[in-house]
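One line per chain: the protein sequences are H and A, in this order. Quick note: the first sequence uses the numbering used here, first residue 3, plus one each step. Quick note: the second sequence uses the numbering used here, first residue 2, plus one each step.
Since the hints were made in silico from the structure, they are not lab data. All values reported here derive from a predicted model rather than from experimental measurement. Treat the hints with care, as some may be off.
Straight-line distance between alpha carbons at most 30 Å, and here's what the computed DSS-like set of lysine-lysine pairs gives [to be verified]:
1) A:342 with A:22
2) H:4 with A:445
3) A:209 with A:331
4) A:331 with H:42
5) A:331 with A:342
6) A:331 with H:4
7) H:24 with A:342
8) H:37 with H:24
9) A:332 with H:42
10) A:22 with A:209
11) A:445 with H:24
As a plain string of letters, each chain reads:
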Amino acid sequence: MKFAIVVFPGSNCDHDAYHAAKHVLGADAEFVWHKETDLKGADVVILPGGFSYGDYLRTGAIARFSPVMVPLLAFAKTGGPVLGICNGFQVLLEVGLLPGGMLRNRSVKFQCEHVYVRVEALDTPFTCVAASGQVLRMPIAHGEGNYFAPPDVIETLEANRQVVFRYCDARGAVVDAANPNGSTSSIAGLCNEQRNVVALMPHPERACELAVGSVDGLVVFESTVAALTGDGMLRTG
Amino acid sequence: MPVIDSKTLEHHGLSREEYEKILEILGREPSLTELGIFSVMWSEHCSYKSSRIHLRTLPTTGACVVQGPGENAGAVDVGDGLVAVFKIESHNHPSFIEPYQGAATGVGGIIRDIFTMGARPIALLNSLRFGPLDDARTRGILEGVIAGIGGYGNSIGIPTIGGEIAFEDSYAANPLVNVFCLGIAKAGTLVMGQASGEGNPVYYVGAKTGRDGIHGATMASAEFDEQSSEKRPAVQVGDPFMEKLLLEACLELMQTDALVGIQDMGAAGLTCSTSEMGARGGTGIDIDVSRIPQRESGMTPYEIMLSESQERMLMVVRHGREVEVERIFKKWDLHAVSIGKVTMDGQLRVREGDAVVAEIPNGKLADEAPLYDRPIETPAYLERLCSLELNALPPLPTTESALRTLLGSVTVSSKRWVYRQYDHMVRTNTVLPAGMGAGVVRLKGTNRALAMSVDGNGRHCYLDPHLGAMLAVAEAARNVACSGALPIAATNCLNFGNPERPEIMWQFTRAVEGIGEACLALELPITGGNVSFYNETDGQAIYPTPVMGVVGVIEDATRVLGRTFPAGESAILLLGSGRGVLGGSEYLKTVCGQVAGSLADLSLESERALQRLLVELAAAGLIQSAHDCSDGGLAVALAECCFDTGSMGAELMMPDGGGEGRADAIDASILFGEAPSRVLVSVTDSDFGVVRARAEAAGVPIAAQGRSGGDRIRISIAGRLLLDMSVVDAEVAWRQGLERFFADRAA
Chain H
3 MKFAIVVFPG SNCDHDAYHA AKHVLGADAE FVWHKETDLK GADVVILPGG FSYGDYLRTG
63 AIARFSPVMV PLLAFAKTGG PVLGICNGFQ VLLEVGLLPG GMLRNRSVKF QCEHVYVRVE
123 ALDTPFTCVA ASGQVLRMPI AHGEGNYFAP PDVIETLEAN RQVVFRYCDA RGAVVDAANP
183 NGSTSSIAGL CNEQRNVVAL MPHPERACEL AVGSVDGLVV FESTVAALTG DGMLRTG
Chain A
2 MPVIDSKTLE HHGLSREEYE KILEILGREP SLTELGIFSV MWSEHCSYKS SRIHLRTLPT
62 TGACVVQGPG ENAGAVDVGD GLVAVFKIES HNHPSFIEPY QGAATGVGGI IRDIFTMGAR
122 PIALLNSLRF GPLDDARTRG ILEGVIAGIG GYGNSIGIPT IGGEIAFEDS YAANPLVNVF
182 CLGIAKAGTL VMGQASGEGN PVYYVGAKTG RDGIHGATMA SAEFDEQSSE KRPAVQVGDP
242 FMEKLLLEAC LELMQTDALV GIQDMGAAGL TCSTSEMGAR GGTGIDIDVS RIPQRESGMT
302 PYEIMLSESQ ERMLMVVRHG REVEVERIFK KWDLHAVSIG KVTMDGQLRV REGDAVVAEI
362 PNGKLADEAP LYDRPIETPA YLERLCSLEL NALPPLPTTE SALRTLLGSV TVSSKRWVYR
422 QYDHMVRTNT VLPAGMGAGV VRLKGTNRAL AMSVDGNGRH CYLDPHLGAM LAVAEAARNV
482 ACSGALPIAA TNCLNFGNPE RPEIMWQFTR AVEGIGEACL ALELPITGGN VSFYNETDGQ
542 AIYPTPVMGV VGVIEDATRV LGRTFPAGES AILLLGSGRG VLGGSEYLKT VCGQVAGSLA
602 DLSLESERAL QRLLVELAAA GLIQSAHDCS DGGLAVALAE CCFDTGSMGA ELMMPDGGGE
662 GRADAIDASI LFGEAPSRVL VSVTDSDFGV VRARAEAAGV PIAAQGRSGG DRIRISIAGR
722 LLLDMSVVDA EVAWRQGLER FFADRAA
């Protein structure tokens, strides 16, 4: 199986995602330049963190117009697994694969720190080997990660169990004090209705080795391998 | 021909003597454009005219040195076929005028210096100084500077992994923003900033040239006064996305052999990059300013040559490889433009179309600026401040109250509020979490890690610039050694007042001598750096503030040590000797409101032995943590080892008391006095004997022993308890010390 990591000119976590997939996980991985028009036969696509095109206008706003979006949308539409991390999440919102938008953090500051998230849904290709309610410790690093959507959209997301990760404390309790950026309903990650497109603000690729402080993010990558190689049939419910 | 009168010269910051020298070089009166070119190249900022003769005394060679001073950055061999390229630079003046952009462009500038050498930047550090935070304006400056540093580094994707911040009245109108960057390159692949090869094309790439930053270098070479806010147009605006494109494109180009030389356009922009590249290569450069991409219309050659617009690079490429070069930049949506060619006549020739508007020998501009051996004079304040009569101190608070005050002081307190705004983890190499000690990044593909620290203490240097500067070298190296790394090289950023004042020049020369002595003894060649003079406002200078950046190598990245005691009980040793002194200490300033006294002496031999021992113990896995005693002395250091451990306490016992004078002052100097060469380490019980024997063999005394555990911080001497405080209380004070000033905005 092969990971494709999309590289926008301002991506800066592209090498981190590549390192996690290729060197930590031992999977095949390849960069896909934003001007390319095919995904090089990848089985899973990662939109990495960074500042896609500088993001001076609105995070991810210009990335939606890049040539690579054409094959990406087709890939997602046919059920291909897509993971958006941080800026990748922002891009997926702008391109319309996920609902809602990002506001500035309620601290009005960029925040880089470890946070806890609880896995809320196991039936996605990026959480299928996690334990129900598993608490993961992963870093965030963003200025605009305050997820917002109107009440009716939130209601639909909850009804469809599209919330995949929620900010929580170390014991898994979803409380406001553990919400680092003010996200509505403590939402840290979402999936689309078909459940193949998943995005989150925390950085699982930065939490794959003890040397850098946490291995909790590995479960995201391991789930992908399990989902795609078949021995991890997607569990529903 | 314009008439160059004294007003024009003053506007350009040139003296009459300097002007005479220009006339002599040219053999004629310069055009205004030429005068502008001379003025920026001969500014203090670019020419180092007041400092150069002193800087020549610094040690710059060593077995590991691959590139010493004179290029865009220094480089050292770090093993496994890799070199580390690093430098520190100041952006003080712009950061006062416009904090966000001033600090942001400081980060952008130092990053360019590193990738220009062919190295991929992998870590940033910074050293900052501000006035007291009860002033709303200072809070605004600090918020702007932190946001600017973060805004640039976070976007471009280079982690800011450490640094230091201190607060003193003297920085209120002259904050200091010093930024350090380190990059990694394969040995033998460094690229130099020189122009060679007759007929080779000269390329311009990056952002368009605008009118921003004209005379920035001149601004940084003068004092501030009440009209300083009018200098805002001399501050540039940063574009980290453009710099990211340049970084990637330049590194890609450097994989080919199409590039001859490259330099960024920093201070003095196009003028500095053309003349320095020509001077290094012993060549001439012929450019046409009408080919320079311009952001606004009607720019004159004068403005184009002096603009300090950011994110621009000058390159010399091999003739015949133009298409290849242009293709790489096009991939990154950058437009590389040929603006001229290399000649063999040594002249910087600037044309506007067919008309020559400036013609000056490169070597005269870059290397033959006037050099000054400025007069020096011992400042009058020293005699008054040096004597400190402990018996005359006001009644001292209880030790617990004093510790709480110190931990809650802005200089000592936790800097989490700051480093949380910096992406310190991107690139997944950051081995030691921010706030745990030196910055440490692993080198993927090897077992190695690099540690780096920036340190300086203006108050110490104010009282004794020679010893204070030596202490800064020792502390930066000690912090690196505490992480387990062998310190191998240094860079310095020398922040001082107006060098035309003899007492400032005295501070400067004494500090440079101190740095030289300490670096020689600790075997730390200085591979580059920066001098920032004129940090004065209305005649008030900053404390003399040399900031040292030291880099070290850890051969086994799994042996990196941090500040905190490990979980569970362990033995504690205070390695080193000597009681701290209150002279110049954080205690004396924060608790007693005084800046006075003599600093504790430094034995470079003992310091070296201690650092070597730490590296040896860490490499053998014999110690679990290491933390140096710095601001606030032993008690603060012990408390800091307990923080971030889940509030585990520690107890330390010292064998003997003694000393004459007031009992409370003696107790205060034991607990809070400052002295170099002291490090707290934790050791497992089973390794305790081995560590003691190794310390003895290395000639490093053990000044105290103790254990971690419990929930209180205790220090006793000869059985008498001097300090007994709850860790939780202490940690609350430490966490809130800085954050409380920004509480309304905290999440």
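We went through each hint and held it up to the structure:
no.: 1; hint: A:342 with A:22; result: holds, 28 Å
no.: 2; hint: H:4 with A:445; result: holds, 22 Å
no.: 3; hint: A:209 with A:331; result: holds, 15 Å
no.: 4; hint: A:331 with H:42; result: holds, 22 Å
no.: 5; hint: A:331 with A:342; result: holds, 21 Å
no.: 6; hint: A:331 with H:4; result: holds, 29 Å
no.: 7; hint: H:24 with A:342; result: violated, 44 Å
no.: 8; hint: H:37 with H:24; result: holds, 23 Å
no.: 9; hint: A:332 with H:42; result: holds, 19 Å
no.: 10; hint: A:22 with A:209; result: violated, 33 Å
no.: 11; hint: A:445 with H:24; result: holds, 13 Å
Hints 7 and 10 from the list above are not met by this structure, while the remaining hints are.
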